[in-house]
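S.K.: Residues per chain are reported as follows:
Protein chains: 2
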Amino acid sequence: MSTTAHSIAYDDLCVGQTASQTHDVNETDLQMFAAVSGDNNPVHLDETFAATSRFKERIAHGMFTGALISAAIACKLPGPGSVYLSQQLGFMRPVKVGDTLEVQLEVLEKLAKNQVRIRTRVLNQQGKAVVDGEALVLAPDRSQAITMPALPKFILQG
Amino acid sequence: MSTTAHSIAYDDLCVGQTASQTHDVNETDLQMFAAVSGDNNPVHLDETFAATSRFKERIAHGMFTGALISAAIACKLPGPGSVYLSQQLGFMRPVKVGDTLEVQLEVLEKLAKNQVRIRTRVLNQQGKAVVDGEALVLAPDRSQAITMPALPKFILQG
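Note that the protein sequences, when read in sequence, are chains A and B. End of the first sequence sits at 158 in the numbering used here; the numbers just go up one at a time, nothing left out. End of the second sequence sits at 316 in the numbering used here; the numbers just go up one at a time, nothing left out.
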């Protein structure tokens, strides 16, 4: 099912403007991120191995949280039409299956040529930062409603 | 099918040490990265829309290339047992279906407490950088062979 998302033009963005998005981390996230990235480390996929690791149980790939940040930027603030210029990510705490993550975006600075600096922070259900960082984004020229295609659906084989 | 990967201990890492990994970007990468991240922007999924964009055709999610970098770090240099501390990514050029990407890693500096600074660059088949950046990684205490679980396989539904 297609949906509608709203892009926010550079001129309509304000310093201090925020957006957020939550995600419940599940089993499929770990498996699908392994599949798409090619990172099949046992700390993400093998419960028995992970029990012997420093984290005591399986953890999500750090860059999975990066993917959630990039999606929040691309879908919400500034939304469709944004061009990603750079992203800094500090991985502060592990993310585990069952965690609820909240991606928090905040416009820090408007720069020349439609560039916007955005704080990108992700908190877990305890309100603790799992990732903190900053993005530099080229904001769209105009605010508009964009039809977003249905998300492709994948099923685990076998 | 499980495979074996080799982790490289902090003590065995040298400044200037390199590793690389290639990946052919395909249709499924774009769709699966949309599914796992939740970013269903039409510039990644809708050919007709993308033809009207600045890129003229569909592009891969920027953070997909980030995912390939994280996999190369976690599987090759320093490999399994590494802990991701931070990653900076500069997105230089778009990535399209059919591109062949080469992730190039190079140890830049060994720091205190097992921390290693790694240059993370990704080139396309024209030898042009699509992403350039740096990672900070906690290297493993010891070099060892690790059994890597089979990569989960997903199929597109419908």
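Keep in mind the hints are simulated off the structure, nothing from the lab. Cβ coordinates follow ideal geometry from the N, Cα and C atoms, glycine included. Hints are not guaranteed to be accurate.
In silico DSS-like cross-links for lysine-lysine, where the CA-CA straight-line distance does not exceed 25 Å [as the list claims (entries may be wrong)]:
(1) K76/A - K254/B
(2) K254/B - K153/A
(3) K128/A - K56/A
(4) K113/A - K76/A
Sample of chain B residues with no beta-carbon within 10 Å of chain A, all distances over it, derived [claimed, not checked]:
(5) T161
(6) D169
(7) C172
(8) V173
(9) A177
(10) S178
(11) H181
(12) N198
(13) E215
(14) V255
(15) Q262
(16) R277
(17) K286
(18) T305
S.K.: Each hint: holds or not?
M.R.: To see whether the hints hold, each was checked on the structure:
1. For the hint pairing K76/A with K254/B, the CA-to-CA distance comes to about 23 Å; that is within 25 Å, so the pair holds.
2. Taken as a hint, the K254/B and K153/A pair is honoured in the structure, with Cα atoms around 21 Å apart against an allowance of 25 Å.
3. This hinted pair checks out: K128/A and K56/A have alpha carbons roughly 19 Å apart, not beyond 25 Å.
4. Annotation: proposed proximity of K113/A to K76/A holds, straight-line Cα distance about 20 Å (limit 25 Å).
5. For T161/B, the condition that its CB be more than 10 Å from all CB atoms of chain A is violated, with the nearest at approximately 8 Å.
6. In this structure D169/B is separated from chain A by more than 10 Å, as the shortest Cβ-Cβ distance comes to about 18 Å.
7. For C172/B, the requirement that its beta carbon stay farther than 10 Å from each beta carbon of chain A is met, with the minimum near 23 Å.
8. For V173/B, the condition that its CB be more than 10 Å from all CB atoms of chain A holds, with the nearest at approximately 23 Å.
9. Every C-beta of chain A lies more than 10 Å from that of A177/B, the closest at about 14 Å, which supports listing it as non-interface.
10. The claim that S178/B lies off the interface holds: its Cβ sits roughly 13 Å from the closest Cβ of chain A, which is beyond the 10 Å cut-off.
11. A beta-carbon of chain A comes within 10 Å of the beta-carbon of H181/B; the shortest separation is about 7 Å.
12. Taking the minimum C-beta to C-beta distance to chain A, about 5 Å, the non-interface status of N198/B is violated against the 10 Å cut.
13. Against chain A, the non-interface label of E215/B holds: every CB pair exceeds 10 Å, the least being about 15 Å.
14. In this structure V255/B is separated from chain A by more than 10 Å, as the shortest Cβ-Cβ distance comes to about 14 Å.
15. No Cβ of chain A approaches the Cβ of Q262/B within 10 Å, the least distance being about 16 Å, so the stated non-interface status holds.
16. Against the 10 Å criterion, R277/B stays outside the reach of chain A, whose nearest CB is about 15 Å from its own CB.
17. Its beta-carbon lying about 17 Å from the closest one in chain A, K286/B satisfies the requirement of being farther than 10 Å from that chain.
18. With 10 Å as the threshold on Cβ separation, the claim that T305/B sits away from chain A is violated: the shortest Cβ distance comes to roughly 7 Å.
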